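All chains should be built: construct the whole structure from the sequences, respecting the hints.
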Amino acid sequence: MKMNLSKILATIIMGLIYASCTPSEHLNNIKVELFDSGHSLTFSSFLEGYKIISLSSDTSEAIVHYPDRLLFFDNRIFVMDRGGNKIIMYDRNGKFLKSTAKMEGRGHNEYIRVIDASIDEKDKKLYVHCDAPYQMMIFDLDLNLEKIIPMDYYMGEIAIEGNQLYGICYNEPKDGGGYRFVTVDKKDLKKEPTTLLSFENAIIGRWTLGKSLMPCHDGVYVCLPFDTRIYKFKDATVTEEYNMDFGEKGLIEHPVTKDMNPRWFDKNYRDINWSIVNMTESDSILLFNTNKAHAFIMNKNQYKCSGYLNFDNDIFPIACARIIPSQGLSNGVVYFTIPSSIENMLEQVKKGNEPLTPAIKEIKQKFDPDGNPMLIVWDIK
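First residue of the sequence shown: 188, per my numbering; consecutive thereafter.
Accuracy of the hints is not assured; some may be wrong.
Lysine to any residue pairs mimicking SDA-like chemistry, simulated, CA-CA at most 20 Å apart [as the list claims (entries may be wrong)]: (1) K309 to L516; (2) K421 to N215; (3) K487 to T229; (4) K445 to I391; (5) K282 to F554; (6) K218 to I391; (7) K551 to C507; (8) K378 to Q322.
Read the hints as simulated data drawn from the structure, not as lab findings.
In this text the structure is predicted, and so the values were computed from the model without any measurement.
Here it is, written out as structure tokens:
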């Protein structure tokens, strides 16, 4: 049976797109070993030095609802706070300096909603993507607005590397749905972005806490929701690719289909790792989260990855939950510290059940139970 010309051309084009998205010379298949009990990931096995930063909260502008992304550059910390609808700037010791809170509105040089932000380390600018209307607000690193660029498209997440601005966009239902990973010249944001990756098999309205797009010191990591592959890009080209196999707890053995009912998905995929987020690297280690509670660590040299449900902070007894997405840390990571866990630790110290170590003494001095989240910036070994 003969194929007509249009079908042949469509097949060739789809093959080229698929080949461009999955370059086999960079592909590494990674079997993930999961530990639900009996084993724990200890902090001292992969973390060493740390800095404790208490973000001041002495004014309403300084209050952080949730740190969706942290941006570190020189003596600045920028907090992307989507819940508070603002960018907040502190110095590296946590002193509040400025925020965009007063720019919220419908007037000139204002915004309705902030969506995501990234530091342009090359040109020392802060890019903030906004919704309603779609626009990019470009600030200097003292949080002074320099210009606004209207845009014709929405990006749920952004990251800048060199001259590239990357983003994650939604595919229109007529285009198959799902997500696209795109790039555009940061100097020409009105231009139609180029699609680097596309993934259609996604469940509408399902997402997990964290970021699918993460800048790193020499590129960006991306893993589209419901995909199993983590990519690293530099200059809009794939340099690393890992296909994560979670076995019975993953999408390779339990693939999602486009016509899958969301309620059926919620019921039957509770134990499945279906979204990889918060990819954070050192020279040899890649840390990440998924929609599950496990902490994941991969040795990039040995191509070995493990996920631990039990997470043992043996440096000081504070429960640390998920990675806070961060940019600008060299071989560093920030885990969200649970305030109730800090309070419990300090109570145990007060009762004499825990020693008052220098680290705990510093935490006691800096911790404000009614204030902003305490940041502990860890060095990865």
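So, going through the hints one by one against the coordinates:
1. For the given pair, K309 sits about 15 Å from L516 by alpha-carbon distance, which is consistent with the 20 Å threshold.
2. Taking the CA atoms of K421 and N215, the gap is about 18 Å. The hint holds against a cut of 20 Å.
3. In summary, the hint linking K487 to T229 is supported, as the alpha carbons are separated by about 19 Å, within the 20 Å threshold.
4. At roughly 9 Å between alpha-carbon atoms, K445 and I391 fall within 20 Å of each other, so this suggested pair holds.
5. For the given pair, K282 sits about 14 Å from F554 by alpha-carbon distance, which is consistent with the 20 Å threshold.
6. Only pairs whose Cα atoms come within 20 Å are accepted, and K218 paired with I391 is rejected, the gap being roughly 28 Å.
7. Simply put, K551 and C507 have alpha-carbon atoms about 17 Å apart, close enough for the 20 Å limit, and the pair holds.
8. A threshold of 20 Å between alpha carbons decides the hint, and for K378 with Q322 the separation of about 13 Å falls inside it, so the pair holds.
Violation of the numbered hints given earlier is confined to hint 6; every other hint is satisfied by the structure.
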